[in-house]
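Residue numbers (the numbering used here), protein chains in the order written: chain W, 8 to 281; chain S, 57 to 473.
Don't read these hints as lab results, they were simulated from the structure.
Honestly, I wouldn't trust all of these hints.
[To be verified] Okay, derived cross-link-like pairs now, EDC-like style, lysine to aspartate or glutamate, Cα gap no bigger than 20 Å in a straight line:
hint : chain 1 : residue 1 : chain 2 : residue 2
1    : S       : K457      : W       : D96
2    : S       : K462      : W       : E250
3    : S       : K461      : S       : D443
4    : S       : K431      : W       : E250
5    : S       : K398      : S       : D365
6    : S       : K104      : W       : E250
7    : S       : K461      : W       : E142
8    : S       : K457      : W       : E134
9    : S       : K431      : W       : E258
10   : S       : K427      : W       : E135
11   : S       : K434      : W       : E142
12   : W       : K129      : S       : E78
13   : S       : K461      : W       : E134
14   : W       : K166      : S       : E186
15   : W       : K166      : S       : D220
16   : S       : K176      : S       : E200
17   : W       : K30       : S       : E460
18   : W       : K166      : S       : E324
19   : S       : K462      : W       : E130
20   : S       : K461      : W       : E197
21   : S       : K434      : W       : E135
22   : S       : K431      : W       : E197
23   : S       : K461      : W       : E250
24   : W       : K227      : W       : E250
25   : S       : K427      : W       : E134
26   : S       : K104      : S       : E78
27   : S       : K427      : W       : E202
28   : S       : K352      : S       : D339
29   : S       : K431      : W       : E202
30   : S       : K457      : W       : D57
31   : W       : K129      : S       : D220
32   : S       : K462      : W       : D96
33   : S       : K427      : W       : D96
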Amino acid sequence: MREPAWRIFAAEYNDATHVIQSKEEKAPKYVITPLGAKVNRLFIVGVLTDVEEIGAEGIRRRARISDPTGIHVVYAEAFKPEVASILADMEIPSYIAVVGKTRIYEPEEGVLYLSARAEMAKEIGIEERNYWIIEASRNMLIRINAMRDAMNMSNPTAKQLRGLGYPPVIAEGVAEAIKVYKDVDLQHYEIMLREALSFITSSRKEIKKNYEQEEEKILKIIESLQSEDGAAWEAVIEEAIKEGIEKSVVEEVIVSLMEKGLIYEPQLGKLKIV
Amino acid sequence: MMEIDIEEAIDEILESIDVDRETVEKDLRKFLDYGVPLEHAKQAVINKYGSVVKEKKLKDIKVNERNIITVAKVIAIDEREVEVRGEKRKIYRGLLGDETAILPFTAWKDFGLQKGDVIKIRNASSSEWEGQPRLSLSEWSEVEKVDYDIDLIKRAPRKCNLIDLRPGLSNVEVRGKIIYIEERIVNIGGEERKVFSGIMADETGKVRFTAWYDFGLKEGDTIRIKGGYVRKWRGAPQLIFDENSEVEKIDEEIVIQETIVPLYKIVEAGGGIDLYMQGIVLDVRKDSGIIFRCPKCNRRIRNGVCEEDGEVEGTPDLRIRALLDDGTGAVDVIFNRQISEKLLGKNMEEYLDIAKEAMDYSIVYEEIFDKLVAKPVKVKGDSMPSDFIVTIFAKDAEIVKIDEKKEAEELLTQLEG
């Protein structure tokens, strides 16, 4: 059976610290996220913000793809030269879709670096990007609900969750996640989801031209405030207001800069120039 | 060691050999006195008398048993070809039943079995299939027809929606409306029998059926069937019922509607008919684009040569095989020329011109890839037989357009609630 491709936001995927694999030979590995996604293959969509060559041969490439919640790291390996060349030829920033398998790097027990090994990459338009955000959000909401249902059960099993109507992959993932993740903060993910959706509900297509000056100013502010891991979102807003930009405009401009791939969120609540 | 463990072990031993309790206990204790662990001791006693294996009822057969002896009735049997180490072999699959259970079976050689036969089986084994035991009849199994009938188990059938029917399920209860039915005469073991095949539908989907008994069914009837079973036929589940099933006409309105089926359900069922599905095209297979077909046999030809008819003047055709994924499962979908043209917004002649100009047909593939990959597509279609991935032959398809703001707002409302 072909593994389905999970539409999953970067922040949820990168939060995962648990991997399962059955004992059979050549059994696939699954990343279990705190909300119970059971991921072997991903469908990632976002803004391509950065592509770098890695390794001596110059064939392998590592790319960063920004979505409303964080950054997906994607590798194009030597055995997929067509994917590597698509990444190399794409303009930065642009919208990209990638299908990939989970790539798990565990330098030491309990430390997990998750990324994706690309099988397919393609430049796309804003409609496909927005459609993806809707799907990723809808799926995340199902997992939040499944997780909440599981938390209310005394001894949740995949079978019980299936009985509530959840698809088997979600039921299995949630039953596994609830065993290993203690006290998953559902509210944290609900806020994340709300922010992701507000990406679409607040229209900002027309602001791109109108706020050029503000964009310049905010870029300068971030540059002056940023350290290794970026500048605090709150501090940037405070500084921009001091410079006479309205708060709502500041937020719109920041999001638009992210969308353009000029800045990104290295971690939640921090902003950094690409 | 607990006395109760020893008692249990003796009970278990007695299940597999035909020796009196006293002897078994004496033998077992002797091994235990020598310090042999209980599990080994148990096996040693069974081995000592192993030549006598008791006949078992189907409900007592567990997973991974050997030397099984049982008497059962063939409820269903299907022939299919499989490839074993590069060699084509015929195997037979079906269901066996007795008064205690119904189990699936696989016969690795032709024992000449027919539906309705009551057989005594020796030296069969069992494996696990979808969480239940499955009997396996190998080269070394003995099968002999007996001349008496046996009753089949009567347990409450399992209620299913039509979309949830999976090949291998037995004793199901469904309800639905007959939307098509035809009568055929088939020859089974030299005997002519009437069978009725058709399509029935409920709110969740449609399924092909075959009735091995004349229930007087007509198109438009709404019926309830208790005690049907499901097998795979032409790449889709097929519901079978016969004189052992209970069929009644019911006075219920069934509204047949377009329901989008999550792909995992289609993958689990191994296919289906008149399915509606929606997913994103994540790949376009390399055999998509302009192809040439033999004008005589319609097969795809390569380099102007047809495997059947030799050198021919090929007729161009446009077709796409795309991987559709909805996040829960993935299927291949085949789009014929007409649907491909609709999805691409260009007709085949235009693509032929583009290809001729570029002197390269692969340019058509590139454009299809560009136009379809990452696009949401809604498909209506039937599954067709395929080996690796469930394959749907599309009867209609369209690119999905959504009002993303509305959808986002709806999700936000759900999130608040």
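Hints, verified against the model:
Pair hint K457 of chain S plus D96 of chain W does not hold up; C-alpha atoms about 29 Å apart against a cutoff of 20 Å. Distance restraint check for K462 of chain S and E250 of chain W: the Cα-Cα separation of roughly 35 Å exceeds the 20 Å cut-off, and the hinted pair is therefore not satisfied. For the hint linking K461 of chain S to D443 of chain S, the alpha-carbon distance of about 41 Å lies beyond 20 Å, and the restraint is violated. The suggested pairing of K431 of chain S with E250 of chain W is violated, with an alpha-carbon distance near 43 Å, which exceeds 20 Å.
Of the pairs offered as hints, the one joining K398 of chain S and D365 of chain S is violated, with about 32 Å between alpha carbons and a cut-off of 20 Å exceeded. Using a Cα cut-off of 20 Å, the hinted pair K104 of chain S and E250 of chain W is violated, with the two alpha carbons roughly 94 Å apart. The hinted pair formed by K461 of chain S and E142 of chain W meets the criterion: a straight-line CA distance of about 13 Å does not exceed 20 Å. As the CA atoms of K457 of chain S and E134 of chain W are separated by approximately 9 Å, the hinted pair is consistent with the 20 Å bound.
For a cut-off of 20 Å, the pair hint linking K431 of chain S to E258 of chain W is broken: about 30 Å separates their Cα positions. Of the supplied pair hints, the one linking K427 of chain S and E135 of chain W holds, its CA atoms being roughly 12 Å apart against a limit of 20 Å. Our distance criterion of 20 Å between C-alpha atoms is met by K434 of chain S and E142 of chain W, whose separation comes to about 15 Å. Under the criterion of a C-alpha separation no larger than 20 Å, the hint pairing K129 of chain W with E78 of chain S is inconsistent with the structure, at around 76 Å.
Taking the CA atoms of K461 of chain S and E134 of chain W, the gap is near 11 Å; set against the 20 Å cutoff, the hint holds. Straight-line distance between C-alpha atoms of K166 of chain W and E186 of chain S comes to about 14 Å, which keeps the hinted pair within the 20 Å bound. A hinted pair counts as satisfied when its Cα atoms are at most 20 Å apart, and K166 of chain W with D220 of chain S qualifies at roughly 16 Å. A C-alpha spacing of about 5 Å is found between K176 of chain S and E200 of chain S, which places the hinted pair at or below 20 Å, so the restraint holds.
For the proposed pair K30 of chain W and E460 of chain S, the alpha carbon gap of about 43 Å is over 20 Å, so the pair is violated. For the hint pairing K166 of chain W with E324 of chain S, the CA-to-CA distance comes to about 16 Å; that is within 20 Å, so the pair holds. At roughly 25 Å between alpha-carbon atoms, K462 of chain S and E130 of chain W are farther apart than 20 Å, so this suggested pair is violated. Using a Cα cut-off of 20 Å, the hinted pair K461 of chain S and E197 of chain W holds, with the two alpha carbons roughly 18 Å apart.
A C-alpha spacing of about 15 Å is found between K434 of chain S and E135 of chain W, which places the hinted pair at or below 20 Å, so the restraint holds. For the hint pairing K431 of chain S with E197 of chain W, the CA-to-CA distance comes to about 27 Å; that exceeds 20 Å, so the pair is violated. With a C-alpha separation of about 32 Å, the suggested pairing of K461 of chain S with E250 of chain W is violated against the 20 Å cut-off. For the given pair, K227 of chain W sits about 11 Å from E250 of chain W by alpha-carbon distance, which is consistent with the 20 Å threshold.
Proposed proximity of K427 of chain S and E134 of chain W is supported: the alpha carbons are some 13 Å apart, at most 20 Å. For the suggested pair K104 of chain S and E78 of chain S, the alpha carbons sit about 15 Å apart, so the restraint of at most 20 Å is met. Using a Cα cut-off of 20 Å, the hinted pair K427 of chain S and E202 of chain W is violated, with the two alpha carbons roughly 30 Å apart. With a C-alpha separation of about 32 Å, the suggested pair K352 of chain S and D339 of chain S falls outside the 20 Å cut-off, and the hint is violated.
Under the criterion of a C-alpha separation no larger than 20 Å, the hint pairing K431 of chain S with E202 of chain W is inconsistent with the structure, at around 24 Å. Restraint check for K457 of chain S and D57 of chain W: the C-alpha separation of about 30 Å exceeds 20 Å, so the hint is violated. Simply put, K129 of chain W and D220 of chain S have alpha-carbon atoms about 36 Å apart, too far for the 20 Å limit, and the pair is violated. In summary, the hint linking K462 of chain S to D96 of chain W is not supported, as the alpha carbons are separated by about 35 Å, beyond the 20 Å threshold.
Distance restraint check for K427 of chain S and D96 of chain W: the Cα-Cα separation of roughly 19 Å lies within the 20 Å cut-off, and the hinted pair is therefore satisfied.
The structure shown violates the earlier hints numbered 1, 2, 3, 4, 5, 6, 9, 12, 17, 19, 22, 23, 27, 28, 29, 30, 31 and 32.
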